[in-house]
Amino acid sequence: MKKAWIALALVLVLALSPFAYAEPSGKLVIWEHTSQFEEAGKAVIAAFQEKYPDVSVDFQVKTSDQYYNLLATAFQAGEAPDLFWTNGTATTNMPAYAQQGLLMDLTDKLDHSIFSDTTMKIATVDGKVYSSPTASVDGRAVFYNKDIFNELGLSIPKTFEEFEAILPIIKDAGYIPVSFGAMDPWECLFFFEPVLAATGLDYLEEYVAGNTVAINDERVVSAMKKMVEWGEAGYYGVGYTGVDGSGAILAFSKGEAAMVIDGTWNIATINANNPDLNYGAFQIPTSDGVVPFVGTSANGFSVNATTANEEAALAFVNFFASLEGQSIWVNTLNVIPCISEIETADPVVNDVSKFDIMTESWYNILVAQAAEGEAPGQVWEEDQAKVFSGGISVEDFLNELQEMEK
Amino acid sequence: MKKNRAYLGFITPGFILYTLFMIIPIIFAMYYSFFEWNGIGPMKFVGFANFQKLLGGGRMSRIFFNALGNNIKYLICVLLIITPLQIFFAYILFIRIRGHRYIQFMLFLPYVISTSIVGFFALMVFHPNIGLLNSILEKLGFSKSAWLGNPDLSFKLFVIVVIWACIGNGMMIFNANMKEIDESILEASIIDGCNEHQKFFYVVFPQLQSSISTVITLSTIYALTMFDIPFMLGGVQGGVNNSIDFVNMVFYRYAFGGTYFGETSLGFGSSISVTMFIIILVISLITRIILRKREMRF
Numbered sequence: 001m002k003k004a005w006i007a008l009a010l011v012l013v014l015a016l017s018p019f020a021y022a023e024p025s026g027k028l029v030i031w032e033h034t035s036q037f038e039e040a041g042k043a044v045i046a047a048f049q050e051k052y053p054d055v056s057v058d059f060q061v062k063t064s065d066q067y068y069n070l071l072a073t074a075f076q077a078g079e080a081p082d083l084f085w086t087n088g089t090a091t092t093n094m095p096a097y098a099q100q101g102l103l104m105d106l107t108d109k110l111d112h113s114i115f116s117d118t119t120m121k122i123a124t125v126d127g128k129v130y131s132s133p134t135a136s137v138d139g140r141a142v143f144y145n146k147d148i149f150n151e152l153g154l155s156i157p158k159t160f161e162e163f164e165a166i167l168p169i170i171k172d173a174g175y176i177p178v179s180f181g182a183m184d185p186w187e188c189l190f191f192f193e194p195v196l197a198a199t200g201l202d203y204l205e206e207y208v209a210g211n212t213v214a215i216n217d218e219r220v221v222s223a224m225k226k227m228v229e230w231g232e233a234g235y236y237g238v239g240y241t242g243v244d245g246s247g248a249i250l251a252f253s254k255g256e257a258a259m260v261i262d263g264t265w266n267i268a269t270i271n272a273n274n275p276d277l278n279y280g281a282f283q284i285p286t287s288d289g290v291v292p293f294v295g296t297s298a299n300g301f302s303v304n305a306t307t308a309n310e311e312a313a314l315a316f317v318n319f320f321a322s323l324e325g326q327s328i329w330v331n332t333l334n335v336i337p338c339i340s341e342i343e344t345a346d347p348v349v350n351d352v353s354k355f356d357i358m359t360e361s362w363y364n365i366l367v368a369q370a371a372e373g374e375a376p377g378q379v380w381e382e383d384q385a386k387v388f389s390g391g392i393s394v395e396d397f398l399n400e401l402q403e404m405e406k
Numbered sequence: 407m408k409k410n411r412a413y414l415g416f417i418t419p420g421f422i423l424y425t426l427f428m429i430i431p432i433i434f435a436m437y438y439s440f441f442e443w444n445g446i447g448p449m450k451f452v453g454f455a456n457f458q459k460l461l462g463g464g465r466m467s468r469i470f471f472n473a474l475g476n477n478i479k480y481l482i483c484v485l486l487i488i489t490p491l492q493i494f495f496a497y498i499l500f501i502r503i504r505g506h507r508y509i510q511f512m513l514f515l516p517y518v519i520s521t522s523i524v525g526f527f528a529l530m531v532f533h534p535n536i537g538l539l540n541s542i543l544e545k546l547g548f549s550k551s552a553w554l555g556n557p558d559l560s561f562k563l564f565v566i567v568v569i570w571a572c573i574g575n576g577m578m579i580f581n582a583n584m585k586e587i588d589e590s591i592l593e594a595s596i597i598d599g600c601n602e603h604q605k606f607f608y609v610v611f612p613q614l615q616s617s618i619s620t621v622i623t624l625s626t627i628y629a630l631t632m633f634d635i636p637f638m639l640g641g642v643q644g645g646v647n648n649s650i651d652f653v654n655m656v657f658y659r660y661a662f663g664g665t666y667f668g669e670t671s672l673g674f675g676s677s678i679s680v681t682m683f684i685i686i687l688v689i690s691l692i693t694r695i696i697l698r699k700r701e702m703r704f
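Protein chains in written order, with the numbering used here: chain A, 1 to 406; chain B, 407 to 704.
Since the hints were derived computationally from the structure, they do not count as laboratory data. Treat the numbers as computed from the prediction; the structure is a model and nothing was measured. Among the hints, a few may not be true.
Calculated lysine-lysine pairs in the DSS-like style (CA-CA distance at most 25 Å, straight line) [stated by the list, open to error]:
#1 B:K479 / A:K406
#2 A:K121 / A:K146
#3 A:K254 / B:K545
#4 A:K171 / A:K62
#5 A:K121 / A:K109
#6 A:K128 / A:K158
#7 B:K459 / A:K171
#8 B:K479 / B:K450
#9 A:K406 / A:K158
#10 A:K109 / A:K146
#11 B:K459 / A:K406
#12 A:K62 / A:K158
#13 A:K51 / A:K109
#14 A:K354 / A:K146
#15 B:K585 / A:K254
#16 A:K171 / B:K550
#17 B:K562 / B:K585
#18 A:K121 / A:K171
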């Protein structure tokens, strides 16, 4: 009799255990918005499929400029992918999809225990979780050519004034001090944000402390004018207003420029452009010697509310949000992890991680403070580059944006 | 007498397809232009607000009319520069000057290459950092130029690229038209003592009216719907200070979102497409009337 009870208990335990559920199977369609994340996505999927061999994955990488349009069309046609990337709460797209019931509520379905509450903000709308973030911090950094710095006897600047002082030295030596693609508004942003953090850290910290800040604040005006001033002094080389982001990275990779100030996700591109380039990274310090770092959480994938394969979709999003999934993601991308359990061996990534304070992105402030029905991001994107080509003054540009804020 | 309706069988498939893929989308675009809608979710009726935003002054109007101005500027270049050049080269091929087969090959080659490749070639020439022109200038000891990064130069460079890329198309139409001219008329003009100049202006050119009408009509529509080459050269923002921004690019930016994370606005985008549809219709009709009068005069 006792044996029978034990057998019954064992059956019950097995029946209630996760092993009792059938392994997820079937096909998943996953959309990514840019080829920059293609390799990392493929690496995570390969590891996922080792764990769940019965799930086949059709990983589709779209082009960023058409991404949301394609997604909207796919939803309209009832053919949206099972999982798809969005930029989380950094733009209005994911919150709008959530409000329209297009996203699966993952609050009780996703194990996001490896992420901090701060990181989860990008995945949370009205208290509900609608995506998995990633463990990478999308930061900005100054990448510098160590050979040029050694040749000119320069060292990593300790203050903003020291940083500014090395620019004419590099120019006089015949190198482009900072390779800058001012044709692309995003390149302008990834350059501007570290300059603002170095010259107006108190402005950003006011926002971080919960205050509303003016987009056309004098400190913002001053930082942007400083960039224009450097352009007029010839520190970006000739014709920088006709250079795009990849051109700027290429000039640095080829050793024509001593520095490039850009997103940390470009490390893989620089390595691919020139594997022999001897380079490192640092952050522009403030006048007081504080080293700020502009970094933002990055979002991953949401699950389609009407996915035909919920079990496999949830298995994937949970694997993606796991330590194993994020270790693969972060190390394939060569980016800075926001989780201490994930270690990276890349020396440039380690250089980027040397900072005193992590602060907010100015673009995030611009979008977060937008007035109802206004799209300042769109106006910013259209006019930012004109600031450097003389099409609009810094003041007019920032005033125009301020008018669209709350 | 029984009416022959066999033609209905021939036109019906085309009519159905044309209605399905052209007429109905135009009607839908007109409908959407009265709504605020991002492509999914609820549509909010806003009446003429999208048109008011586009045409009623303010920042958006400046963007739109700057782009429309570029379309018109390019159209003028078509009429005054590109079409005369096409006729000139067609005539050079027609009179078979030495090396005409090589010239024909070189002029027609860019036309068979996709515009994306044409744009890429142009960037390889004009890129300030890695472009061919600046490399040559640097080697010769001259200072580099921003080329497409210079708002005063970018439109001119764009026209040069278009001339290089598109001259072959109209040129072949004119050349085909010239080959249809009766040989006896040309011989008679030579016997009557016409020189090459007179032969062209008094014999050949008057007989090109049908091809001029065709090329100008097609070029006008192309000019007003310009997108691919400026997009490749200047990006979605229409180059430095919107110097090579065209209406189709404005439509693209607002209807489909920005370069990375922009918001889609299909309602407003539809109002741009409807406005442009009306403008193209009116300009095409005017062009047609002028060209028909001209054809009748000759």
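For each hint, the structure was consulted:
Distance check on the hinted pair: K479 (chain B) and K406 (chain A) sit about 39 Å apart at the alpha-carbon level, beyond 25 Å; violated. The suggested pairing of K121 (chain A) with K146 (chain A) is violated, with an alpha-carbon distance near 37 Å, which exceeds 25 Å. Between K254 (chain A) and K545 (chain B) the CA atoms are separated by roughly 18 Å; this keeps the pair inside 25 Å, and the hint holds. This hinted pair does not check out: K171 (chain A) and K62 (chain A) have alpha carbons roughly 40 Å apart, beyond 25 Å.
Distance check on the hinted pair: K121 (chain A) and K109 (chain A) sit about 17 Å apart at the alpha-carbon level, within 25 Å; holds. Straight-line distance between C-alpha atoms of K128 (chain A) and K158 (chain A) comes to about 43 Å, which puts the hinted pair past the 25 Å bound. Between K459 (chain B) and K171 (chain A) the alpha-carbon distance is near 46 Å, which puts this suggested pair outside the 25 Å criterion. This hinted pair does not check out: K479 (chain B) and K450 (chain B) have alpha carbons roughly 36 Å apart, beyond 25 Å.
For a cut-off of 25 Å, the pair hint linking K406 (chain A) to K158 (chain A) is broken: about 37 Å separates their Cα positions. Between the alpha carbons of K109 (chain A) and K146 (chain A) the distance comes to roughly 47 Å, so the proposed pair goes past 25 Å and is violated. Proximity of K459 (chain B) to K406 (chain A) is assessed by CA-CA distance (about 20 Å); at most 25 Å being required, the pair is judged to hold. Of the pairs offered as hints, the one joining K62 (chain A) and K158 (chain A) is violated, with about 42 Å between alpha carbons and a cut-off of 25 Å exceeded.
With a C-alpha separation of about 19 Å, the suggested pair K51 (chain A) and K109 (chain A) falls inside the 25 Å cut-off, and the hint holds. Distance hint between K354 (chain A) and K146 (chain A) is fulfilled; the C-alpha atoms sit about 17 Å from each other, no more than 25 Å. A distance of roughly 53 Å separates the Cα atoms of K585 (chain B) and K254 (chain A); the hinted pair therefore is violated under the 25 Å criterion. Only pairs whose Cα atoms come within 25 Å are accepted, and K171 (chain A) paired with K550 (chain B) is accepted, the gap being roughly 15 Å.
Proposed proximity of K562 (chain B) and K585 (chain B) is contradicted: the alpha carbons are some 33 Å apart, above 25 Å. Between K121 (chain A) and K171 (chain A), the direct Cα distance comes to roughly 43 Å. Violation of the 25 Å bound is thereby established for this hinted pair.
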